[in-house]
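S.K.: The residues making up each chain are set out below.
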Amino acid sequence: MNYRAVIYILGWVLVIEGAFMLLPFIVGLIYSEQQGFIYLAVSIATMLIGAIAVLSKPKNMNFFVREGFAVVSTSWIFLSIFGCIPFIITGEIPSFTDALFETISGFTTTGTSILTDVEALSHVSLFWRSFTHWIGGMGVLVFLLALLPMTGGSHIHIMRAESPGPTVDKLVPKVRETAAILYIIYFVLTMLEIIFLTVGKMPFFDAVTITFGSAGTGGFAIKADSLGSYSPYLQWVVGIFMMLFGINFSFYFLVITRRFRQAFKLEEVRNYISIIIAAVAIIIIACAVNNSMNVIDGNSWTFSDKLRHTFFQVSSLITTTGFSTFDYDKYWPEVAKMVVIGLMLCGACAGSTGGGIKVSRLTILFKTVKKEITMFFHPKRVLKIKSDNKVVNHETIRSINVFFIAYTMILASSVFIVSFDGHDFSTNFSAVVATLNNIGPGLSGAGPACNFSFFSPLSKYVMMFDMLAGRLEIFPMLVLFAPEFWKSIFRK
Amino acid sequence: MSIFDKLVNITHKGLKIIIIGGGKIGSTLADKLTLEGNDITVIDNDPDVVEELSATLDIRGIHGNGSSYTTLMDAGIESADLLIAVTASDELNLLCCALAKKVGNCASIARVRNPDYSEELSYLRDRLDISLIINPELEVAREITRLLHFPSAISVNSFARGSVDIIKFKIPAENILDNLTISEFQHRYKFNLLICVVERNGVLTIPDGDFCLRSGDIISFISTPKVAYSFFKKIHLESRKVNSAIIVGGGKTSYYLAKSLMQSGISVKIIEQDEARCTELSSLLPESLIIVNGNGTEESLLMQENLSQTGALIPLTGIDEENILLTLYALRIAPNIKAVTKVNRTNFSSVINELDLGSVVYPRHLVAEIIVKYVRAKKNSLGSNIETLYYMYDERVEALEFNISSNSDFLNIPLKNLKLKKRLLIASITRNGRAIIPGGDDVLKLGDSVIIVTTNKGYSELNDIFEG
Numbered sequence: 001m002n003y004r005a006v007i008y009i010l011g012w013v014l015v016i017e018g019a020f021m022l023l024p025f026i027v028g029l030i031y032s033e034q035q036g037f038i039y040l041a042v043s044i045a046t047m048l049i050g051a052i053a054v055l056s057k058p059k060n061m062n063f064f065v066r067e068g069f070a071v072v073s074t075s076w077i078f079l080s081i082f083g084c085i086p087f088i089i090t091g092e093i094p095s096f097t098d099a100l101f102e103t104i105s106g107f108t109t110t111g112t113s114i115l116t117d118v119e120a121l122s123h124v125s126l127f128w129r130s131f132t133h134w135i136g137g138m139g140v141l142v143f144l145l146a147l148l149p150m151t152g153g154s155h156i157h158i159m160r161a162e163s164p165g166p167t168v169d170k171l172v173p174k175v176r177e178t179a180a181i182l183y184i185i186y187f188v189l190t191m192l193e194i195i196f197l198t199v200g201k202m203p204f205f206d207a208v209t210i211t212f213g214s215a216g217t218g219g220f221a222i223k224a225d226s227l228g229s230y231s232p233y234l235q236w237v238v239g240i241f242m243m244l245f246g247i248n249f250s251f252y253f254l255v256i257t258r259r260f261r262q263a264f265k266l267e268e269v270r271n272y273i274s275i276i277i278a279a280v281a282i283i284i285i286a287c288a289v290n291n292s293m294n295v296i297d298g299n300s301w302t303f304s305d306k307l308r309h310t311f312f313q314v315s316s317l318i319t320t321t322g323f324s325t326f327d328y329d330k331y332w333p334e335v336a337k338m339v340v341i342g343l344m345l346c347g348a349c350a351g352s353t354g355g356g357i358k359v360s361r362l363t364i365l366f367k368t369v370k371k372e373i374t375m376f377f378h379p380k381r382v383l384k385i386k387s388d389n390k391v392v393n394h395e396t397i398r399s400i401n402v403f404f405i406a407y408t409m410i411l412a413s414s415v416f417i418v419s420f421d422g423h424d425f426s427t428n429f430s431a432v433v434a435t436l437n438n439i440g441p442g443l444s445g446a447g448p449a450c451n452f453s454f455f456s457p458l459s460k461y462v463m464m465f466d467m468l469a470g471r472l473e474i475f476p477m478l479v480l481f482a483p484e485f486w487k488s489i490f491r492k
Numbered sequence: 001m002s003i004f005d006k007l008v009n010i011t012h013k014g015l016k017i018i019i020i021g022g023g024k025i026g027s028t029l030a031d032k033l034t035l036e037g038n039d040i041t042v043i044d045n046d047p048d049v050v051e052e053l054s055a056t057l058d059i060r061g062i063h064g065n066g067s068s069y070t071t072l073m074d075a076g077i078e079s080a081d082l083l084i085a086v087t088a089s090d091e092l093n094l095l096c097c098a099l100a101k102k103v104g105n106c107a108s109i110a111r112v113r114n115p116d117y118s119e120e121l122s123y124l125r126d127r128l129d130i131s132l133i134i135n136p137e138l139e140v141a142r143e144i145t146r147l148l149h150f151p152s153a154i155s156v157n158s159f160a161r162g163s164v165d166i167i168k169f170k171i172p173a174e175n176i177l178d179n180l181t182i183s184e185f186q187h188r189y190k191f192n193l194l195i196c197v198v199e200r201n202g203v204l205t206i207p208d209g210d211f212c213l214r215s216g217d218i219i220s221f222i223s224t225p226k227v228a229y230s231f232f233k234k235i236h237l238e239s240r241k242v243n244s245a246i247i248v249g250g251g252k253t254s255y256y257l258a259k260s261l262m263q264s265g266i267s268v269k270i271i272e273q274d275e276a277r278c279t280e281l282s283s284l285l286p287e288s289l290i291i292v293n294g295n296g297t298e299e300s301l302l303m304q305e306n307l308s309q310t311g312a313l314i315p316l317t318g319i320d321e322e323n324i325l326l327t328l329y330a331l332r333i334a335p336n337i338k339a340v341t342k343v344n345r346t347n348f349s350s351v352i353n354e355l356d357l358g359s360v361v362y363p364r365h366l367v368a369e370i371i372v373k374y375v376r377a378k379k380n381s382l383g384s385n386i387e388t389l390y391y392m393y394d395e396r397v398e399a400l401e402f403n404i405s406s407n408s409d410f411l412n413i414p415l416k417n418l419k420l421k422k423r424l425l426i427a428s429i430t431r432n433g434r435a436i437i438p439g440g441d442d443v444l445k446l447g448d449s450v451i452i453v454t455t456n457k458g459y460s461e462l463n464d465i466f467e468g
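Sequence lines, in order, name chains A and B. The first sequence lines up with residues 1 to 492 when you count with the numbering used here. The second sequence lines up with residues 1 to 468 when you count with the numbering used here.
No lab work stands behind these hints, which were simulated from the structure alone. It cannot be assumed that every hint is accurate.
Dumping the calculated SDA-like pairs for lysine to any residue here, alpha-carbon to alpha-carbon at most 25 Å [said to hold, decoys possible]:
no.	chain 1	residue 1	chain 2	residue 2
1	B	K24	A	K57
2	A	K390	B	G76
3	B	K457	A	P58
4	A	K265	B	V103
5	A	K384	B	E51
6	B	K378	A	R176
7	B	K373	B	L355
8	A	K170	B	T28
9	A	K57	B	K457
10	A	K170	B	G76
11	B	K379	A	E177
Some residues of chain B that are not near chain A, with every Cβ distance over 12 Å (derived) [unchecked claim]:
no.	residue
12	T41
13	R188
14	L285
15	E461
Heads up, the beta-carbon is just placed ideally off N, CA and C, and yes, glycines get one too.
Required output: the full structure, derived from the provided sequences and hints.
M.R.: Encoded structure:
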């Protein structure tokens, strides 16, 4: 393994993180909060440490799959460790475990919080918390790829390791330009959402932080009731934008380059929209049948209220954002809660900022099962699985199957470890699903109106691992457990 | 073009190029052209090839049929600047190029190597509106023919329509050049030639006057062919033309080579294993050619065909290892034989260089030289056009020829007053068909063609050689 190159890239990641930390400092100046200077100090320290690694560029920058995985997993760990230092120093989250949990939850765009009172946080820390979502959504290494001129074609391995989805399609031939295009789309969508929210008279600070939360499909809100107290217009805007950020970004690229027909034919995007519509319909019907969701917290809801809140929740869960407008855990019938679990597992499109298993993977898994069944009737039938009218090659199908198996294994073992805490099954299971899929809230004890501070440190560390594994699509994190990885380090 | 495209293209200088076919030549081109900053999309019908290429190079790979409209649209033919078709099939290549012109109105380059078309290439080019048709086998044959005219040279690169050559050779042991500095050499012999590059133990130098030559050095000099001839005579290097040659293997290259060698009066023997191919060659080529049906790698057959008395051996089998072994064997039994070895793959080139094979021809490089030159010339339509490009010394040195076709501020200024970049040499100026080896007082004029030798890469216009 080429450690020098890995360390060099790690250095750059820290330099960029340090630079990002200057933004909270500026927020601190605006609100004249003391905490801003702590961020400034940490920012400078982080940049200095990064600069040491960056100063000497290794001659050999050969990068292969293993270096790509190693650099991505270690970067995200370092990113989180350095990112949590301000929370500890400002004393707002004094415990290291909790601060790290909150930061990992931020960078992985999970949005699960251990804070009992969000509104007690300073503006600076609230901003940084939400901003980690925005950084983590598209990925800091993709950002690095857009900035750093690297020679050779091998940095595709970094992109592959960090970008979600079974296959990574380059939009244009060069990695650097692809990364730049992704960030431009991301940035423009973010600006649009901020504008729409400000037009709807949301305070500017709220607009910015809520937008970061929905752009990265993160879900840290700045109020205790998440988005419950905002006007219906604002809830619609956030709901729609969450859905937009969950769409595969190649859709936007096709739209921008005026290939509309191709864009609207994308199988994954069509399935994604269909699932959202179906889920909303099922939940509304289920509630009508059960006579629930009629009177919430003393207010009786009209059909448009029900539609808005249901759509918001569905959009928030399938994109793995985790914002909520009301405590659905309390008011929804069991059928609707099963839909919630289904949406959580499903996740958004590949190539978006969302987490989860991804619609494209599920589509292919579904087709594999369908193929297997038809093979019982025609054992000699030759049938290739297609997606977007292109044959999905065997390697991709294999990797999807393996992903699914590894995913299930991690899910099961995490639930097992967390259950030592002694909470009920629904809480444990939904908490692990919520962290592994980077959603945020789960059900019962881990529901939208609760926080995760009651879990034991062991459970928290398990969930931290789940969050990272979920964001990086499992294998970069599992590589850290491979004996070969450590052997080659200590052999030197 | 939308604002979005412009945003992305701010830093962008390269061309958008689609390469169809990711084989040996396709991948070499993708590699070279990406490094020069172009946007490359490779289309191949083998998913494994696409996967491999897009994992190792900074390109976009598409699995599909390059002559299908949908695939080409997917590859972005509408905004492409150039399409290069290098699949195994000539007809497919031509179809791709014709389609590219109709769909995307972009320039196109096709590889066409079937001898049936070789007479009709310019007709095809005009009719189908293709910018360039290349025939690698024919290029290889031409290169080998050139080398047989200068048997003491390792390589010969021609510029300005053959009026100037850069010739590379190895200084033999106990030669009169041994232990001579460049200025002593100029003083003593007064040849109108310039030593451009010297390679010693793998290290390249662009020498100055104090540089001392040693035997064993591999040096490149530039001069007119006539001066080169008398220079070789003076330093007692054999330079008489080869008069007989054995070609091992009867592929397309052999056909072109045999034809061109016989035209220049060299008697040729082809040894080919496949009887059907022998019959075919015999019907295609004149009667005076000797076609032997047999295995060219058998010592007894080579003896029987009088290898030791032959002027040149050219192994052109499809297997690199066989070609190399044949050359080594020939040099052993006949040390004075001129051998030209064709090496298809470029792997392990450092090992091959150490083998002392004499002249080695890499078909991939020949094609890359032509296409890279075309791309660089297309990239800028400024005053000085790149006319010729050669890779020398295993691609570590580039020799470029520029035509000065419009006014620039560096014209008519003595060269000693111009600030040139480091590691480059103005090797020659051709003015009105006369080659000048430039000194500090010479100037560049409108209409000149200038030859630059440099270890820097990627120059596409004459302005690039000046500092600042």
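S.K.: Each of the hints needs a verdict: does it hold here or not?
M.R.: Outcome of the hint check:
Annotation: proposed proximity of K24 of chain B to K57 of chain A is violated, straight-line Cα distance about 32 Å (limit 25 Å). Straight-line distance between C-alpha atoms of K390 of chain A and G76 of chain B comes to about 18 Å, which keeps the hinted pair within the 25 Å bound. Distance check on the hinted pair: K457 of chain B and P58 of chain A sit about 21 Å apart at the alpha-carbon level, within 25 Å; holds. Simply put, K265 of chain A and V103 of chain B have alpha-carbon atoms about 22 Å apart, close enough for the 25 Å limit, and the pair holds.
A distance of roughly 19 Å separates the Cα atoms of K384 of chain A and E51 of chain B; the hinted pair therefore holds under the 25 Å criterion. Pair hint K378 of chain B plus R176 of chain A holds up; C-alpha atoms about 24 Å apart against a cutoff of 25 Å. Simply put, K373 of chain B and L355 of chain B have alpha-carbon atoms about 30 Å apart, too far for the 25 Å limit, and the pair is violated. As the CA atoms of K170 of chain A and T28 of chain B are separated by approximately 21 Å, the hinted pair is consistent with the 25 Å bound.
For the given pair, K57 of chain A sits about 21 Å from K457 of chain B by alpha-carbon distance, which is consistent with the 25 Å threshold. Of the pairs offered as hints, the one joining K170 of chain A and G76 of chain B holds, with about 13 Å between alpha carbons and a cut-off of 25 Å not exceeded. The hinted pair formed by K379 of chain B and E177 of chain A meets the criterion: a straight-line CA distance of about 19 Å does not exceed 25 Å. A beta-carbon of chain A is positioned within 12 Å of the beta-carbon of T41 of chain B; the least distance is around 5 Å.
At roughly 43 Å, the least C-beta separation between R188 of chain B and chain A is larger than 12 Å, which holds for a residue marked as non-interface. The Cβ of L285 of chain B sits about 44 Å from the closest Cβ of chain A, beyond the 12 Å cut-off, so the non-interface label holds. Every C-beta of chain A lies more than 12 Å from that of E461 of chain B, the closest at about 22 Å, which supports listing it as non-interface.
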